[in-house]
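From first to last, the protein sequence lines are chains A and B.
Letter 250 of the first sequence, counting from 1, is numbered 260 in this note's numbering, and no numbers are missing.
Letter 618 of the second sequence, counting from 1, is numbered 666 in this note's numbering, and no numbers are missing.
I should point out that these hints are in silico values taken from the structure, not numbers from a laboratory.
Worth double-checking, as some hints may not be accurate.
Stated by the list, open to error - Quick list of the computed label-pair ranges, beta carbon to beta carbon:
#, chain 1, residue 1, chain 2, residue 2, range
1, B, 569, A, 157, 26 to 34 angstroms
2, A, 157, B, 240, 54 to 62 angstroms
3, B, 569, A, 284, 55 to 63 angstroms
4, A, 284, B, 366, 38 to 46 angstroms
5, A, 79, B, 676, 31 to 39 angstroms
6, A, 118, B, 682, 38 to 46 angstroms
7, A, 125, B, 728, 48 to 56 angstroms
8, A, 133, B, 524, 52 to 60 angstroms
9, B, 524, A, 120, 19 to 27 angstroms
In this text, a Cβ means the ideal position worked out from N, Cα and C, and glycines have one as well.
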Amino acid sequence: MNRLLPAGAFCALLLQACGEPLVAPELIVNTRVLGARVESATDPTRAWPAPAEGATVRWLLANPDGAPKVGWAFSLCTAKPVSRGLPLCEGSPFAHRMSEGTSTDAPQFEFAVPDLQSLGGATEVVVRAAFCTSGTPAFSKDGVDFASTRCPNATNEPLLATTEIPLWLTDATNHVPTFDAVSFGFDGAPWTGITDAEEQSVDCIAGERSIPTVPADGTTHDLALAIPTELSESLPSSSAPGLDRETLQLSHYVTGGDLERAFSSVSLDAPSAKVAVAWTAPIQVDAGGRLLRFYFILRDGRGGTAWAKRTLCVVP
Amino acid sequence: MRRLGTWHGALVVSALHVTAFSPAFAEQPKPTEAPEAPEVPEAQGVASENDSPDVTFEDDSYTAEAQITAPPREVTRRTIEQQDLTQIPGTSGDALRAIEVMPGVGRTSITSGDPLLRGAAWNESRSYIAGATVPLLYHLGGVKSAFNSRLLSRVDLYPGNYGASFGRAVGGVVSASVRDPQRDGVHAVAEASVLDSMALFEAPVGQDAAIAFAARRSNLGLFYDAFAPKSTFSVLAVPSYYDYQGLGWFRLSSRHQLRTLVYGSHDAIGLSFANPSDFDPALRDKVDYAIAYNRVQLALESEFTPHVTQRVQVTYGNTQWHQVLGGARSKLSEHDLLSRGEWNIRTSEGLKWNIGYDLELLSYSGYYVGSRPPQAEGEVMNGGMSTETVVDAGNLKRIVAVRPGAYVELDWRPISRLLVVPGVRVDYYSDQGACTVDPRLSTRYELSDRVTLKWGIGVYSQNPLYYELLRGIGNPKLAPYHAQQYSAGLEHGITERLSWGLEGFYKHLYGRVVSTPGGQAPYFVNDGTGQIYGAELFARYAGQRLRAWLAYTLSRSKRQDRNDAWRLFESDQTHILAATANYDLGRGWQVGGRFRLTSGNPYTPVTAAVYDANVDVYQPVNAAPFSARNPTFHQLDVRVEKTWNLAPFKVAVFADFQNVYNAKNYQGFDYSYDYKKRQPIAGLSFLPNLGLRGEL
């Protein structure tokens, strides 16, 4: 018998999994894309738009200071199926949009999914995105091309991103997960979010009450999330046992300090799942204190994405 | 004075090894005090066609038995003899890894032991134990071979242009022969090393039967806790392996011998990750892998007349394999029935017919949910599992493949110095409804008593891997693919102890199984070609105390997938140098060293990366496949063994040091999450394997 996955490759994967990463992916030190959320026009809770239906892709970008100021360009094409690697486009893009200069507004791309005939049998569409902090990315008639897209300032490398969107073609569909029923805790106390506007008025030194405040002493704190079962949808029957519900992937990022890891896996066999992540406060901040942002992104592995943000103050 | 047997003209130039023992000694009760070991006469040498093994002993009480190695019919057959099988430095005493000292054998990675012969991929060469293929050649991806090396009599390596008795491989063949249990008394061996512990027992049963049993278990569990990063994962099952072998030899009559062989192996590893990997969140939850197989074989060897012999064997085996890797799950159950038979008929002094069959009957069932399998060789896999599409191949109902093969090969000696071996092999593949006809020809011409010229040409065919044929993840309409192989060279025995040889080879592969663009239906097609060419230099010294080998291979192996540009074979190694020596210092001391130097394997550089919002990882943008090369690999291994002869016991301690000067031997890169930074990954560091052995 020849092997499907060689034992050696299996060991190599384990070695890869056990190694310390070169750069901590969970720490935001420059402008980054953290996620893309797809909403169908007629039902924003549905992650799979139907042919000829409108849809919106909202992008989550972050930098150490909050929402970055970026220019962007998007294009939409039908997906050429691939089993691994980057999603490819089949033919020319159906739609494209670009920003007018840069803005801190969350980038979003509204489009209409091509009708069944135009899709030509494709079951997914692909959105390609480019973001530049120096202006609107250069754009060609072929849409965002990963090899040639450039920022106005040549020294500013574009952030390139893509998301593949499955289409609603059969009875089965997929809903966007939500954080509405997820409870957050910080060192055992409830941890609520604040709006972007409220964030602007936070004064860490003045004794902020709405968000946790911790000293910059290198102490480790516990972050906790309780995720209810309803967030995980049933999956079509599988040949293998144990694959009848979605396993959620929770990503967590922070703009300062040391987060234990970037990802958590959430299997919702029990009524709710608890996710615990340790975070170590920085040992030094400016005299004015520092507002740190934590981003939590939930993915259902089938195109459904949601995110939430929590903040805290670190004071000297 | 006693004369040994009759020498048949079939043997032309062959190694002769004669061991004699006293039946009286074998039948003695076990002494309470260790007596002096009897002096056992021994003869060894080279016999030629007209020679008789005229070995004589002064004491009539001795009987003797000659083990005669058949002369090569192939262009290239390289043999590792029993006395060297467990003594090659750097192999931890492993016989199958010992082939690495031979030319034409590429360096395998630290996680794979499948032999890479003359630029062929891991799946293009076949390995046999006692004439049957095995589901798993090495434990844990290459740590040690799954069959006890002390039960092997020899390992033959055919890097190319092998004869018609083997088939279904476009590369080469490694054939390990199992020895018979010793019949001169009770023997036992117990050995413990860092890697594993094993015990072996063998004994005669009357005059006409003998048995042997061996078992081995890994010791990794004893040390694992000390090294495992507990914060990263918890251990469900410590990486472990065990294997067992049982041999039986029965003389049914003076002309018929029956051999039984029972063997099996089990490998397992089980981990539970506390959290997903920071690099690849698909590596999460439970990671579980196990493979176990059991085999039983019956082999009948008969000599009907001095000119007609027969060997027939039947092997039944079952294999259970399962794998859980995050959301990827698969389970496979396999039942095999393998049978081979060969009849050797000498019709005249210069002509012998070798007629045989080679049957494989395979049955699979199970399920597979996981990434779409890549092509066996040459798929660029820089990204993580998260970026791979998960497919559900469904429940694999019982799938049966019947592959009968038959061959005819002549040993034709039109003149005394010329041996011509034409042959043809026909194979049928029921799972593909295909038939292949492979003509082969090899020729050896003795230019003088010490110089032989040789050349060969042949067609070789191979069936696709079983999963490449599965509906849902593969293409049931795939056809076997082929190679034309050409080689020519010379062998020169400078003295009886010192010999060397030089060979050139060329292989053309066509109809290779490659994946479709994007890995879409029909997933795999016969649309790949390949070219492999090179030269091999081999020198060997076999003295009383010193045994040494020098092997150098210069080669280039390249492939073309579909209409893409030609690329290097993923394990192409331009230079492969291996120098090995073992020296008997006397007083029970033996030292050995092996130095290897090979070109680094090709790899595919990453030029950029794109964030994939679906899975929250970056996907690499790759440069041309296998367009860069890792640094040169070099490594020195040393083995030291001291044996105390405390008759009837022997006690030995040994130390096998791999990579004694701790060469880094970088074998790829570890990337940051966004592929903007990278650092080289070092190969196996200095690794000592210390052990203790007791023998009776």
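Checked hints:
A hinted range of 26 to 34 angstroms for the beta carbons of residue 569 (chain B) and residue 157 (chain A) is consistent with their spacing of about 28 angstroms. Take residue 157 (chain A) and residue 240 (chain B): their Cβ atoms lie about 58 angstroms apart, and the range 54 to 62 angstroms holds. The beta-carbon spacing between residue 569 (chain B) and residue 284 (chain A), approximately 42 angstroms, falls outside the hinted interval of 55 to 63 angstroms. A beta carbon spacing of about 43 angstroms between residue 284 (chain A) and residue 366 (chain B) agrees with the range 38 to 46 angstroms that was offered as a hint.
Our hint of 31 to 39 angstroms for residue 79 (chain A) and residue 676 (chain B) holds, since their Cβ atoms are close to 38 angstroms apart. For residue 118 (chain A) and residue 682 (chain B), the hinted distance range of 38 to 46 angstroms is not satisfied, since their beta carbons lie about 56 angstroms from each other. The supplied range of 48 to 56 angstroms is met by residue 125 (chain A) and residue 728 (chain B), whose beta-carbon atoms lie about 51 angstroms from each other. Evaluation of the 52 to 60 angstroms hint for residue 133 (chain A) and residue 524 (chain B) yields a failure: the beta carbon distance comes to about 23 angstroms.
Checked against the given bound of 19 to 27 angstroms, the beta carbons of residue 524 (chain B) and residue 120 (chain A), roughly 45 angstroms apart, lie outside it.
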